[in-house]
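J.: Residue numbers (this note's numbering), protein chains in the order written: chain A, 107 to 316; chain B, 107 to 316; chain C, 1065 to 1446; chain D, 1065 to 1446; chain E, 263 to 347; chain F, 263 to 347; chain G, 337 to 625; chain H, 337 to 625.
FYI, nobody ran anything at the bench for these hints, they're computed from the structure. Careful, some of the hints might be misleading.
[As the list claims (entries may be wrong)] Straight line, CA to CA, 25 angstroms or less: simulated BS3-like cross-link-like pairs of lysine-lysine:
| hint | chain 1 | residue 1 | chain 2 | residue 2 |
| --- | --- | --- | --- | --- |
| 1 | E | Lys-279 | G | Lys-380 |
| 2 | D | Lys-1269 | G | Lys-406 |
| 3 | A | Lys-255 | D | Lys-1066 |
| 4 | C | Lys-1266 | H | Lys-388 |
| 5 | C | Lys-1388 | D | Lys-1393 |
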Amino acid sequence: MNEIRFSGYGGQGIIRCGLITGKAVSLFDNKFGTMTQSFGPEARGSACSSQVVISEDRVLYPYITRPEILVSMSQDAYEKYEPELRADGILIYDTDLVRLKPLRAQIKVYGVPSTRFAEEMGNRIFANLVMLGFFTGISQVVSAEAMKKALPGLVPKRFLELNIRAFEKGYDYGIELLAKEKQEAQKEAKPPEKPPLPEAKKTPPRKAKQ
Amino acid sequence: MNEIRFSGYGGQGIIRCGLITGKAVSLFDNKFGTMTQSFGPEARGSACSSQVVISEDRVLYPYITRPEILVSMSQDAYEKYEPELRADGILIYDTDLVRLKPLRAQIKVYGVPSTRFAEEMGNRIFANLVMLGFFTGISQVVSAEAMKKALPGLVPKRFLELNIRAFEKGYDYGIELLAKEKQEAQKEAKPPEKPPLPEAKKTPPRKAKQ
Amino acid sequence: MKPAVRTGSHYITGDVACAEGAIAAGCRFFGAYPITPATEVAEHMAERLPDVGGTFIQMEDEIAAIASILGASWTGVKTMTATSGPGFSLMMENLGLGVCTETPCVIVNVQRTGPSTGLPTQTGQGDMMQARWGSHGDYELIAIAPSSPQDCFYHTILAFNLSEKYRVPVLVMADEIVGHMSEKVVIPDAKEITLVSRPKPKGRKDRFRLYEPGPNGVAPMPAIGEGYNVHVTGLTHDERGYPSMTVEAQEQMMARLKGKIRNNLDDIIHTEEYLMEDADIVIVSYGISVRTGLTAVDEARKLGYKAGLFRLITVWPFPEGRIKALAKKVKAFVVPELNLGQIRREVERCAFGRAPAIGVPHCGGWVHDPDDILKTIKEAAR
Amino acid sequence: MKPAVRTGSHYITGDVACAEGAIAAGCRFFGAYPITPATEVAEHMAERLPDVGGTFIQMEDEIAAIASILGASWTGVKTMTATSGPGFSLMMENLGLGVCTETPCVIVNVQRTGPSTGLPTQTGQGDMMQARWGSHGDYELIAIAPSSPQDCFYHTILAFNLSEKYRVPVLVMADEIVGHMSEKVVIPDAKEITLVSRPKPKGRKDRFRLYEPGPNGVAPMPAIGEGYNVHVTGLTHDERGYPSMTVEAQEQMMARLKGKIRNNLDDIIHTEEYLMEDADIVIVSYGISVRTGLTAVDEARKLGYKAGLFRLITVWPFPEGRIKALAKKVKAFVVPELNLGQIRREVERCAFGRAPAIGVPHCGGWVHDPDDILKTIKEAAR
Amino acid sequence: MAFWRQPLDTQEIRITKGLVTIIEDRCKGCGYCIEFCPMHMLVFSDRFNKKGYHPPKTSKPDDCVNCHYCEIICPEFAIYSVVAP
Amino acid sequence: MAFWRQPLDTQEIRITKGLVTIIEDRCKGCGYCIEFCPMHMLVFSDRFNKKGYHPPKTSKPDDCVNCHYCEIICPEFAIYSVVAP
Amino acid sequence: MKPEERVEERNPIEDFLRMDRIPHIWCPGCGIGTVVTSFAEAMKKSELDLDKVAVVSGIGCTGRVAGYVKFDSFHTTHGRAIPFATGLKLANPELKVVVFSGDGDIAGIGGNHFIHAARRNMDILVICVNNFNYAMTGGQVAATTPLTANLSTAPFGNFEYPFNLAYLADACGATYVARWTSLHIRRVTKSIQEALAKRGFSFIEVITPCVTLYARRNRLGDGLNLLKYYYDKSEMKHGADTRTVDIDFQGKIIVGKFVDKDKPTFLECMNTHLQKTLGDKYVPYGVKP
Amino acid sequence: MKPEERVEERNPIEDFLRMDRIPHIWCPGCGIGTVVTSFAEAMKKSELDLDKVAVVSGIGCTGRVAGYVKFDSFHTTHGRAIPFATGLKLANPELKVVVFSGDGDIAGIGGNHFIHAARRNMDILVICVNNFNYAMTGGQVAATTPLTANLSTAPFGNFEYPFNLAYLADACGATYVARWTSLHIRRVTKSIQEALAKRGFSFIEVITPCVTLYARRNRLGDGLNLLKYYYDKSEMKHGADTRTVDIDFQGKIIVGKFVDKDKPTFLECMNTHLQKTLGDKYVPYGVKP
Ligand SMILES: Cc1ncc(C[n+]2csc(CCOP(=O)(O)OP(=O)(O)O)c2C)c(N)n1
Ligand SMILES: Cc1ncc(C[n+]2csc(CCOP(=O)(O)OP(=O)(O)O)c2C)c(N)n1
Ligand code: SF4
Ligand code: SF4
Ligand code: SF4
Ligand code: SF4
Ligand code: SF4
Ligand code: SF4
Ligand SMILES: [Mg+2]
Ligand SMILES: [Mg+2]
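Extracted from the complex, chain A is given alone in its bound form:
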């Protein structure tokens, strides 16, 4: 079972990220994917998130409890959701929009300038697809093919091509990064030095106001 949270601010296409991922695993990767969204009037313009639970079996409990992957596309969202990330989780973020704070030891961190990449492609609205591609490359919880197949119907037809390009841009960047990381890891191959932080109390996070 994988638990993923996409987060950012209203208007960045965060909900869409969850939908595409959920659809990809459910319809094209032969798994079960339940996508939920934090929904509130106050989502307008402030922190916003979508969650996907991916599982080989039917998903019962519909929410994520302790996400292992957190995708952050805004500072607010990062600050809000970082604490719930599992001690051994993965943090994926937009390097231009999020300034990292000191991190818990075992958390793996991967950054991509998704907004900048998107702007380079002509419009920052593609940032979420760059991010999704990057997430797909890094996380390996869903196949790139499935993700691309999931796009029609979830992005405007006339932008489908551009969205795929954005996705690929992010994906390639992620794969590259992983490859680099492997190299480095082989070079260094050091175990973590600090003991892991004590696990936070495991309760399902209350639905936060947003």
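With chain A fixed as given, assemble chains B, C, D, E, F, G and H with the ligands onto it according to the hints.
T.: Just chains B, C, D, E, F, G and H with the ligands now, kept in the frame of chain A:
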């Protein structure tokens, strides 16, 4: 316990008859009187009735079940309610408005031309008070004083005097009639010849549509 | 102005008695919409309120009627509306607002027979569960049921007192017969009537928190116009009254709404018992059915049955504890109601299988034949 | 026109699945008013209905919405509306009209947290008793509760089928999570979907009686415009449909309204059981809580507890018989609901004291932590 | 009881000969037909009907012009006219 | 981004000297104040505020006529002017 | 001819009535029956397929109309006749849908539906019997009660400004607006015929005597007295500006056909618009192929 | 000056706001905040005892206004702000009661209360933020949506005629009717001041950008684009006949003060009337002895 039904058609002041009687016994005769009315949109212009239960104790069951006194001021109402009158009940009616049908043996019948009397007094709207007076005289379930005391507040102030006169007219007529009856009874003094009709099944009458 | 309390003996209907009770209780704003058989409450209020410095308004519908009394209540005035089934249904949304914002007010439902338009001029007790559950979401409120015009007078005062004390809408669940019958109603001297008014805040205004509970769990309530600058919302709110979209805020709010009722049951629940000392068959009854029930109990006693009657004046909150206790010692409950068995279900639930709760089926439109109740008593005694 | 049944696999929300289910079931008129979290049902219907020859209208409020679908239903068309708490409350009066006139229609309530405006964007199950008792007077209706988008599709079809078969409004009591979550929904081939339509009258028109029951207690229903000249009223009516202001007419009408449901419980009540063969602790659950409940059961089994789950798909009429039967053999019921314990009361009542019905308190706004349910299972097993 | 004698919209009446029929027991004696018959040919009868009202009767049956005014204004569906045979 | 430069109701502005204050972190960058300042003395700053928007800054602070236009049109209560000291 | 001999008596109007429900409940002299006859007369004269006519009422004395006319007829809930009728019409556009109800029903509790249906130009005919009060419940003040008139919830006289319903309907977009009294039986009939022949939201207000409550409480005499008042004080003004047709207590009543215009109905707008935007794939709704 | 140095910064408007609830929930560029500022400005300028001002909202984006203004304020139920406000006003006539809510709240679900309050000349001020849609629920078609505009429940464009709210208010008897856009901030302020100084039912409609939903769905750009549209297309016409001030999609917007007349309010009518009929024993309500 006495159970009385006043009946007639909408506009004759039938409800008022019940109210005055109920008020008289309750406030001035030191008994308990519960007045209910058959209430329905269809009361408009057709048969209409009010019921009073008079008792020395608190009235629990609020409806009459088998009235012992039926006051009828219209043919319709007479035909509708006559069957429920107790076998030994008293029927009081307006002689101009009700044509009697063959009656059960033990029922006592007293007629008064209340509408005609009222018209003679200047307005048929006083017919109900003539009838009330007559009823008071005949039935002896409530005192004439109590009835007269009950009038203020239940008849328009400017007509109070006239209403009292109408009441007295009916009352005197009733007392006279009773007196005459007594005389006759002393003359004849015969027991009833026919056996009483079998009592109808005692169920509370369903609230009739009217 | 005329005196508000019409001390003396009157021969009036339940509806009029209810209006007189309201005025005696201090009600000075009444907004309603006509409906049989509750219209006479409005008609009497329309006539009486100008006498005593109050305001009557006939609103454009029942939704507006209840909204108007909620608003008026926040000015510090005691308020009431009166309606029947269809209008009661329309009030459900704003009843929830009243509960959620803890706005004192009294809602009279002179019940007729439903569902839908049903038998609009005939009696029924079909709205008893609706009184408890008719608005969306969970909540607690108070409902009381008068059995006579005299009750209508006193129970309306009781309704106001409970409503003010607990800052909760209180329902007076009368019915057509009680509303339309005329009986003697004795109105006591004004000084013999105990009146309760909502707790008022003390202390510094700048430290005031709208929903900070007092000792009995009920928060003092200022009138608007006094400078407290309150914010009142039907959203889940915190103690300041501010919207707070969290589960914690919801829990706290619900705990307060529920607690102020459930922790004061002894004060809120009014019941009466008749021949209950040795009763093994207990009629549980409310409203007009109490009277047919009592008739049946008297009959049953004459026949040697140990029948008694447990009367619910307060129907909601339901006297769960007393039923539980009784269930342990009695043979059966008999619950005559003018519906298909609503409160019977509550009795059944609270009896925990220790004693059956037997209904006396009736669809409304008329009262029970006491014989039918008697028959059920006999069967239950077997 | 486009095909009504979108056969294939879709990744959609419960709200959209509900709309697709309606269209697959043959719904061709939808009147509604927006409200979170049910708006998406309307939005999807607005987009889809023109495709399939149906009509969408956004009415001026929820009262108009339900009135419009009742009217539309009498033309022979299958109709639906969708709303949430506050709108549901506003529909209560006309829900009664639908029941009383035996008008088939489906009302979706995507529940949010109340009371009042509450937590409008968060989930709850606080309207379950309202679903049964929210309108004035006595009546019976059907309510079903989906647990997933896939359920939303099938259960909406089920709702239409039951509504048509029994001529009764059927409530689909979803909730915000089920309505807003996206999951895979498989829509089968049109010919694999069983559809039921209301019974139509046969025989001579001049002998036709609008409410003359057929074999299963349900009267055939003509469409208007066909020359039957029906008269339909919310007043108590006789078999011709004519108003009849008598207790007898009321009794007959209520017997029919009640009988058609209560005499067909086997057909109407749908439930599911999970690991119930040997269970001694039984979770009774519905809607979204089924999923947290199942999670807890699996956990409990792992720990050696004999836990099982009894799922109510049909919540109303309540599966009284099954609960009674279970109560005799199980140790306890555990009833997790996103309310203060509504269906728990029904379980308690039907258990007759033979097994306790233990709630898992929750005020809504979120789902249960499965651990809380597990804890209750453990306690119950003691 | 005659307040006035010309209904407001007589202008459309085609003059034919009519036969007016009164369904007496339906009548509630409102007097509308009597008051508004343009031919003034209806009067209250002395008879009481079942309901206790005096239904109208025709005073000059031959005058009826079959204008249907009585028919339409009658709130009780108690009177109508047809072309005279 | 300049569409036009005269607000609709400038006529009522009394010409005094003003001091405009921007509460930067409240700003959501809608640009209304900038667009409608009759003195054209506001511009977007390069700075990001906490919320990630570029709040306005004064380009010619001395030009402010204390007309309060920016103050009232700002939907975020983020800018206001007072009489210059 | 004695009554007993007339067994064959049958008022032609009976074809349009549920005779098994007559006598009706209305009071002697109540004008609602007159309006029903006018309605039946209009139906008789119309060329409509009578099986395709539906009548919808709310609750009230007038609300009972649905129970007496022999069409598909609906006695719904108080104030909700119009949205119910909207459902009928939209789900089967072949129907002619007539709402027949009281002033309280239509403009009191039902006011919102009234203004929105007029705004949408929903293709229904609304016949509103205005008796200046809530009659069925015993004569309460209504939104149409003239100033100073006395009613049970205005026991000292009404002090609320009343609605001018014709103006309200007009302001909301009704395409046909007429007002008559129940004395104007031929005009009422003709108005109903005209409105039935039109498409769009039509509104016909008929001022009608409530003898038992309104008249009695205000000491206005019986039905004949009220009709006399209508006779004396009504003034025909076709095409009158609806803003000018207010009604005062026992004052002048301006009657006439005030509005008669053509404007695409809700369904026509829907069809035109969806055809334009969706193109061929859209099958116009309610239009026989 | 760096932000950190400005600890003393305090917008004078804050006196009228619940700063402990700011930032508000409205989207960047949403015009509701502008209208709130105008309102606060008007309150500042008015001579009113601010403790005697109550603000009532229904539900919606605009409905949130009650939660941000520092008066006695009520966030009620959807559509019911006006009857709630009616209760406030009648039970304490000393209060100035302002209803501040959205077009859907006031003229959609709340339409009946709106027309009846106007009819009664209830002494309240209604400020209606008209953003042409149901925003809070995600942008559905409203009774004010111009023809052809696209919204989530009008996915192929709106084909229902919209209300002209100014005309509706006028037709129902409002004594003060004005319309502005959120660009006309001084006019809005002045209108509010004027209306507050009056007695009777006042209605101020403020056309306001909903950037997130209405504008985005109709590709109208951002808030600035909408204000530009207001600038280009609004035309001031004081005293314009309200029948002529309809709004088309992206067409001309006629603004101005359309109605400003005097007429006794509900309470004044009540007092005058009851004093006349009841005489001395009647103590005029709400009038300090
Ligand atoms: C929701 C609701 N509220 C109130 C009533 C009570 N009621 C029945 S008819 C009526 C008024 C009828 O007035 P109107 O529509 O003018 O018809 P009239 O009787 O005058 O012909 C009222 C208030 C009801 N049936 N339903
Ligand atoms: C009875 C009820 N129905 C529906 C809703 C859902 N709802 C909340 S706000 C709203 C619309 C608000 O529109 P508007 O009044 O125009 O305000 P805006 O958000 O556009 O400012 C709706 C339909 C509700 N809260 N209550
Ligand atoms: S039809 Fe009637 S109204 Fe006309 S002339 Fe004949 S009787 Fe008179
Ligand atoms: S109009 Fe009809 S009811 Fe009236 S008097 Fe003539 S026949 Fe009788
Ligand atoms: S107050 Fe604001 S708008 Fe006016 S001149 Fe100064 S900065 Fe510009
Ligand atoms: S108007 Fe306010 S929010 Fe907009 S840019 Fe200026 S300061 Fe920022
Ligand atoms: S009460 Fe009035 S409106 Fe109703 S039937 Fe009688 S006269 Fe007609
Ligand atoms: S959704 Fe529209 S109206 Fe609501 S806050 Fe955002 S811009 Fe404003
Ligand atoms: Mg009326
Ligand atoms: Mg809006």
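J.: Compare the structure with each hint and give your call.
T.: Here is how each hint holds up against the structure:
1. For the proposed pair Lys-279/E and Lys-380/G, the alpha carbon gap of about 21 angstroms is at most 25 angstroms, so the pair holds.
2. This hinted pair checks out: Lys-1269/D and Lys-406/G have alpha carbons roughly 14 angstroms apart, not beyond 25 angstroms.
3. Only pairs whose Cα atoms come within 25 angstroms are accepted, and Lys-255/A paired with Lys-1066/D is accepted, the gap being roughly 24 angstroms.
4. About 20 angstroms separates the Cα atoms of Lys-1266/C and Lys-388/H, which keeps this hinted pair within 25 angstroms; it holds.
5. For the hint pairing Lys-1388/C with Lys-1393/D, the CA-to-CA distance comes to about 23 angstroms; that is within 25 angstroms, so the pair holds.
When held up to the earlier numbered hints, the structure conflicts with none and fits them all.
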